[in-house]
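Spelled out from the first residue to the last, the chains are:
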Amino acid sequence: MTRTGGKGGKGRGKGEELMVPRAEFRSYYGRPVIKAPAWAARDIAGYFFLGGLAGAGSVLAAGAHLTGRTTTARAMKVSSLAAISLSTAALINDLGRPGRFPYMLRVLKPTSPMSVGSWLLSAYGPAAGAAALCAVTGRVPRAGAAATAAAALLGPAVATYTAVLAADTAVPAWHGAHRELPYLFAASATAAAAGMALVVAPARESGPARCAAALATLADLGATKATERRLGMVAETYREGKAGRLLRCARGLIGAGAATAALAGGKSRPAAVAGGLALLAGSACTRLGVFAAGIASAEDPVYTVVPQREAKARREAAEAGEAKGAAGA
Amino acid sequence: MGIRTRIRAWPAYRQATGADPLGRGRAAMSPRSAALRARTSAADRVVKSVCPYCAVGCGQQIYVRDERVTQIEGDPDSPVSRGRLCPKGSATLQLTTGDSRRHQVLYRRPYASDWEPLDLDTAMDMIAERVVATRRETWEWEREGRRVARTLGIASLGGATLDNEENYLIKKLLTGLGVVQVENQARVCHSSTVAGLGTSFGRGGATTFMQDLQHADCIVIEGSNFAEAHPVGFQWVMEAKARGARIIHVDPRFTRTSALSDLHVPIRAGSDIAFLGGIINHVLTEEKDFREYVLAYTNAATLVGEDFRDTEDLDGVFSGFDAEQGAYDPESWQYEGAEVQAPAGDVEQLHDERLRNARATGDPAGHAETHGSGGPQADAQAPGDPTLSHPRCVYQILKRHYARYTPELVERVCGVPKETFRQVCDALTENSGRERTSAFVYAVGWTQHTVGSQYIRAASVLQLLLGNIGRPGGGIQALRGHASIQGSSDIPTLFNLLPGYLPMPHAHTHEDLDAFVTASRTDKGFWGDMRAYFVSLLKSYYGDAATPENDFCFDHLPRLTGSHSTYDTVLAQLNGECKGYFLMGENPAVGSANTRLQRLGMAALDWLVVRDFSLIESATWWRDGPEIETGELRTGDIGTEVFFLPAAAHTEKSGSFTNTNRWLQWHHAAVEPRGDARSDLWFMYHLGRRVKALLASSDDPMDRMVQDLTWDYPVEGALEEPVAEAVLAEINGHGPDGAPLAAYTELKDDGSTRCGCWIYCGVYADGVNQAARRTPHTEQDWVAARWAWAWPANRRILYNRASAAPDGAPWSERKAYVWWNGDDGRWTGHDVPDFVPDRPPGHVPPEDATGPDALRGDDAFIMQADGKGWLYAPAGLLDGPLPTHYEPQDSPFPNLLHPAWRRSPTRRLYPTDGNRYHPSGDEPGADVFPYVLTTYRLTEHFTAGGMSRWTPYLAELQPELFCEVGPGLAAERGLEHAGWATIVTARNAIEARVLVTDRLKPLTVHGRTVHQIGLPFHWGPNGTVTGDAANELVAIALDPNSHIQEDKALTADIRPGRRPRGPDLPRLVAGYRRRAGITDRTGMERPV
Amino acid sequence: MTGRLLSGPEPDPAGDAGHLDAPPRVGFFTDTTVCIGCKACEVACKEWNAIPEDGLSLTGMSYDNTEGLGASTWRHVAFIEQPSTAPSAPPAPSAPSGSPGPGPGSVPVPDGRTELPLTDQRAATAPAAGGEGGDLRWLMSSDVCKHCTHAACLDVCPTGSLFRTEFGTVVVQEDICNGCGYCVPACPYGVIEQRSSDGRAFKCTLCYDRLGAGQEPACAKACPTESIQFGPLDELRERAALRVDQLHAAGVEDARLYGDDPADGVGGDGAFFLLLDEPEVYGLPPDPQVTTRDLPAMWRHAGAAALSLAGAFAASYALPALTRRGRGRR
Ligand SMILES: Nc1nc2c(c(=O)[nH]1)N[C@H]1C(S)=C(S)[C@@H](COP(=O)(O)OP(=O)(O)OC[C@H]3O[C@@H](n4cnc5c(=O)[nH]c(N)nc54)[C@H](O)[C@@H]3O)O[C@H]1N2
Ligand SMILES: Nc1nc2c(c(=O)[nH]1)N[C@H]1C(S)=C(S)[C@@H](COP(=O)(O)OP(=O)(O)OC[C@H]3O[C@@H](n4cnc5c(=O)[nH]c(N)nc54)[C@H](O)[C@@H]3O)O[C@H]1N2
Ligand code: SF4
Ligand code: SF4
Ligand code: SF4
Ligand code: SF4
Ligand code: SF4
Ligand SMILES: [Mo]
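Going down the list, the sequences are from chains B, E and V. The first sequence begins at 1 in the numbering used here and counts up one residue at a time. The second sequence begins at 1 in the numbering used here and counts up one residue at a time. The third sequence begins at 1 in the numbering used here and counts up one residue at a time.
Keep in mind that the hints were calculated from the coordinates and are not lab data. Don't take every hint at face value.
[As the list claims (entries may be wrong)] Straight-line distance between alpha carbons at most 20 Å, and here's what the computed EDC-like set of lysine to aspartate or glutamate pairs gives:
(1) B:312 / V:277
(2) E:1001 / V:81
(3) B:312 / V:254
(4) B:312 / V:294
(5) B:312 / V:278
(6) E:748 / E:523
[Stated by the list, open to error] What the simulated footprint calls covered on chain E by chain B, stretch by stretch (three residues with Cβ under 8 Å from a Cβ of chain B suffice, anywhere in the stretch; the number is not a length):
(7) 10 to 18
(8) 23 to 34
[As the list claims (entries may be wrong)] Taking beta-carbon pairs under 7 Å as the criterion, some of the chain V residues facing chain E (in silico):
(9) 37
(10) 47
(11) 54
(12) 173
(13) 209
Note that CB positions come from ideal geometry on N, CA and C, so glycine has one too.
Make the full structure from the sequences, and use the hints.
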């Protein structure tokens, strides 16, 4: 029959962590109210991660380019091109009808983050490509610089629009965090790019990357905290199960990576590489974790029903208050 | 495409330049969307048709393009359905055009392990040869010294899914061949309806029509799951509800009907006579009857003879009971003054006199059903007491009979609390009378009991007392089953009937036409003219060969000796008497009681012909039936030769269905059948042609009747399809000039008229197919008299003379329907008056008048021998003049009213191996089967599943057999929701998934808790979704009047887990029989 | 971009989507109090749209073996067995006295609507006798795509496969959909779904093809009891309000409309319902929102995040340079 009460069945060891007391809720045989995305985690979380790596990488590359860290610049341009290509491949791979990928440019819909993203990618992709090509071949350096600049300008958007893409859904763990998710994605992208730079750049050029890694770590922590605060009971999905494990891993890896890089990355190449890899892995875990949290929140109707009931109750209370106020006046 | 147009076609460009800047509408429209066209509007033609599933008879429109059916949906013009279709009707496209239909003839050689394809012509030739050979081998001229002129070697089953024209040819050809075992679903479905309603009112059909329900002030749905089994008809209940009517559902289960009712009354299955008797008692003791109506239109005042004794006097049996025979001699039930024959001397000498009474009361061969259109004999002039105070008047007898049916008794027997019971009584009595009317709706929750006919009688008695028969918003709505089950009763493929409810003759010495007619007709009313109907039928069967000199070939008709019902046929198969079997649209291996015996019977046949859409269980039992799994049968040992012939669907043939309200609705062929698929009309016609050719030159006297049978129908098209309208014209009949007749009143008994079914006379009036009339309901009043054609005489509410007071004026303005118009000297109103059109209300016929002329101006029941509705049935039924509560054959309880007679004293039993009965009540071993089990249907499936289990859109909606049990029972037996359970009776055991639900409530009966188990019966081993058949559990125990099986109330045990496989299954069942101490005497408390 | 284009009351979704001279917006009013759970709507929809069979296992969810809306189920009938304190069943709606009076344009007129006058006004308004209907209620409700005024599925669709028709309905164009799957999590009602065979998304089209031909949707046409009522949305809203009043007057206090309010989180549903319990009991979200409403905010935050990202890198380059310079000075 209809399920009444809390999340019947599932163990809930961390009840005391709940920020909102668990409300009574009924559902239709415990079935989800909304549909979880059918996206493959590898493809779409991968797409988020790689997009972040590419976008942030372009910024990092431009900085390196500007500051004469040519090795880093070249490597990061190549990395961004590779990342954005793989990212696009992941997206196409996830399409039911890959042959119809070009339909992404059939319309330009400001209401669709994926449409905006597609147009963005179609500008960014060539820029990143040109930047990488010029850097590798050493030809047409001016054009290369222009492309580098263009990619750097678009890069941050490429790194963060995916947060909007996720947040602009009915998935409680994503939409509920629509304000925080872009920062988390930005932090994660920064970590990834920094990590990549640590892996590919000579130690002497890695100062900014180490610094970025440290900033990313702080931002990641801050964004995660903010997200969880905002989400209320839905934050469980970030703490429990697969998502919880991944996100704990992510924090550990990023923290460890940034620390390793900060402490030893300037001197020891292996330490830098290790730190960089940890950062990359951490960033990937963040994306997979957020993805998993989203799925978990979509699959259990409690995360749809309870917050909505609360929102409705709050609104109705406010309206009633208003009415009372009006009546009083 | 140029680059410019390409750019123009680019939505982003349109977005930038058009009115849809966000690209969410017009700009994003694709070429396909722009070109989209509904396939309904692309059809070459739209053909009017009728839903092939149930008897509501919803209108369908068939869309055809390139000679393919592309869509089937509701016909908005239909007054019955108003364009709507239930899930089954909505799945008709998949049913008729889906992959599961077969289009090739298949043949199984004796002992073969597989099918082989066979050419259609060859198959037809082979079947014709089998028919001729088997007939010759098994022919009998006489039995026990009396002429029978028949064969018991051949039988056929099926017809309710077929057209009237097809049933007509089946009955005609098989009767012509001397085959008597002709049966269809009507037997197992609603035969007790014909007996119950026919005996009470004179006709065996629903007294009203679907749309009229909207005018009811109260509707009691009992023994029917209206919303699930007749969903589109249920809209009229919703209309009534919208107008303020009170809707009550009395059912063991809380169903989708209950959910929409104002009141659900859970009742113990098998106890309705106690319940209805309780209401009758309430009405009588509180004098809530509609007295004027009762006095004028019922036999309440009539005096019954002095010899009559009630069950209340004789401890549970009526007078005349012969314990040896388990049968009544009904003579003592007659009205005062009726001649009573002393049953002395040589039976045959007294034949003529005895015959009269035996016929009138229905003999063991199912005469009760002959009152489908013509009541039983009774004294038309019996004395009466208008004060209703004479102790022997029907009213007082009734009062005494039901005096013990108190609310307390109802509570103890039915499990219905007194307060709830009172609510039902009040709702009914408050909504009956001059200003208000109440309707009863029932279906097979009532018919399928060992006392089924009496269930329907009980409702008839009640509705007569309340004055609800013949009036708008009143009546008894018998919801029948298949698309043309009413038609297959009217033009019966039934052993005991000829078209129009004329009886099949029994074997008697010196029987001739006159003796036969005398024994069957009534003196008064339209059944008095029965000779004209009968002779006209013989003329249409035997044409010019039928002459006054040869009694119109009366002796060509084969004779009955006892019962030849489908269940008797199974025994005849088992004992080797019946060798050849046609299954034409019926699936007894799933749908009939005791399916195991059905299959064992088929395994004993020489040959079997199955005509269906797909390979139903009745076609494949020899290779994959349950007995193959248990090892009881081995394919290699089975000698039955099996022919499978694919049937054409209703979209592929023209013909008429008769719906549950007696409406004949024509469906037009939309396309030709593919492959070997052929209509049953084609099959019968071409089989007949072949058989007649084989016998054309024979001079054997047994072939003479076949030679005399008229069999020339025009054919059309490449497939040589017989013209269905030509058959309809023969059914309608014609006069000496060959012109179609307009009404049965034109029929003559001198051989100058021919008519294949007298009650259908008029359906082809003026040479126009009246059944094909389709004036939209929006263009006529709610009675919709110009839509299709209803028998009799296009009347929609039967007995509508009773809608007016005796003086001819409407009882009330609100309930005006048919009334006397003094100015014109005619009856008039919204419907065709069910009365002699110009007979004034006050007319008193001369003493010596007979037939219709003998009807008084207030004899509203014109088919009855006394013109009255029968509260008390002095004749007509074998099990008593008044409904009496008896327990079902298998019941957990003793009979509280009549401890000496637990079960109906006259029920028919078949105590054969494999058909054992349970101990009941306080008999030792009864506790082995402690639960009441009832079987039923679901909206999403159809009957034995042939039309739903193979249809994925339906199958997926109810994919597995389940049983419904209450939480209490689940706890008691450890059953888990969605888990498996095994259900066991003495016959067999099946497995089902479990639904634990509050919708099945335990009841307190006889002071203790009883649990009921609900079990739908649609599944079998074949098809897209499969499961065990509920009928494995059901015993053959029958109502004596109509031979319908009791599958609505039995007992069973239930246990968790799946059933054993292989030989362990029969072992489990045998273990149960042993534990319950079951022998061949169990449950047989009277000799058979 | 005005507000009404993304959220809030939107009187003319078709017009604002570029359909000039659009006919009146049409939709469904599903009155679950008269639903008999027959599933004709499910089957009629499948037949009309040739949707594949959708699984053959028993769910144990009362009589619901369809489970929910999806790519191969565009109508879904929910079954809820409940103990009840209310009358076992609400009264049926009065037969509407007026004719539906279709608006201009090509709005198809539903077939076979009740037109018979009430024979007994007195009885029709009499309250249902309460409390005696037993202790059980069996709710049945036919669910369908809501054809939201602000349809998240449509908003997020990157290809324009999902579009708003001239009838104000929301339709997937199967020749366009590339199976990106974005619409699936976007829908706040969990309606649209991808078919596993090729990933394309499917849902109710509100029988776009039939509407174009002046025919009513297949499901509404089949529905035996008029539980599914099709017509111009304005008119349906009026009728629904009357029906709720009638039920309240008859003592059915549980009766409520769902999705009828143009001011709700999705701007009102094109297919709305009369329910007898909380929406979530039927598997419906209690307070659905079109996320597009928050899209401007999201873009702002994304922009800010992007800037912070750029800023962080700028800082990362600046900081070492500063420290180096500082060290160099030292
Ligand atoms: N969807 C669908 N519609 C059908 C059919 C179908 O198979 N599926 N079949 C058609 C056919 S052939 C027929 S005959 C009709 C039958 O139509 P119905 O008679 O309505 O069908 P059933 O479900 O067999 O039985 C009706 C109800 O009787 C109840 N019942 C059982 N025993 C008793 C009893 O002793 N007393 C009372 N009061 N009720 C009892 C059952 O619980 C059940 O709810 O439906 C026709 N329509
Ligand atoms: N336990 C239990 N048993 C019951 C009942 C019950 O309530 N409980 N109900 C009983 C009742 S009321 C009935 S009516 C019976 C029904 O039982 P059956 O009549 O045996 O069941 P159906 O599946 O309707 O079988 C009809 C067959 O006719 C086929 N058919 C349809 N149209 C045509 C056609 O035009 N030509 C040919 N040749 N074939 C066609 C269909 O495919 C189908 O296989 O079951 C009875 N059995
Ligand atoms: S099955 Fe019966 S109720 Fe359903 S559509 Fe066909 S005729 Fe109508
Ligand atoms: S209900 Fe979902 S699928 Fe339907 S229009 Fe609204 S958002 Fe789109
Ligand atoms: S799956 Fe198809 S309909 Fe859905 S958003 Fe993607 S392209 Fe649009
Ligand atoms: S409107 Fe058409 S597509 Fe939508 S559910 Fe009804 S029948 Fe299916
Ligand atoms: S909405 Fe209509 S068609 Fe659908 S289940 Fe309910 S009553 Fe049947
Ligand atoms: Mo039936």
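Each hint tested on the structure:
Between residue 312 (chain B) and residue 277 (chain V) the CA atoms are separated by roughly 16 Å; this keeps the pair inside 20 Å, and the hint holds. Distance check on the hinted pair: residue 1001 (chain E) and residue 81 (chain V) sit about 13 Å apart at the alpha-carbon level, within 20 Å; holds. For the given pair, residue 312 (chain B) sits about 18 Å from residue 254 (chain V) by alpha-carbon distance, which is consistent with the 20 Å threshold. Under the criterion of a C-alpha separation no larger than 20 Å, the hint pairing residue 312 (chain B) with residue 294 (chain V) is consistent with the structure, at around 17 Å.
As the CA atoms of residue 312 (chain B) and residue 278 (chain V) are separated by approximately 12 Å, the hinted pair is consistent with the 20 Å bound. Distance restraint check for residue 748 (chain E) and residue 523 (chain E): the Cα-Cα separation of roughly 17 Å lies within the 20 Å cut-off, and the hinted pair is therefore satisfied. A stretch counts as covered by a chain when three or more of its residues have a beta carbon under 8 Å from one of that chain; for the region 10 to 18 of chain E and chain B the count is 4, and the coverage holds. Counting residues of the region 23 to 34 of chain E whose beta carbon lies closer than 8 Å to any beta carbon of chain B gives 4, which reaches the threshold of three, so the coverage claim holds.
For residue 37 (chain V), the shortest C-beta to C-beta distance to chain E is roughly 5 Å, which falls under 7 Å, so the interface hint holds. Hint on residue 47 (chain V) holds. Least Cβ distance to chain E is approximately 5 Å, under the 7 Å limit. Interface restraint check for residue 54 (chain V): the shortest CB-CB distance to chain E comes to about 6 Å, inside 7 Å, so the restraint holds. Taking 7 Å as the C-beta cut-off, the interface hint given for residue 173 (chain V) holds, the closest approach to chain E being about 4 Å.
Using the Cβ-Cβ criterion of 7 Å, the hint placing residue 209 (chain V) at the interface with chain E is satisfied: the shortest such distance is roughly 4 Å.
In summary, this structure violates none of the numbered hints.
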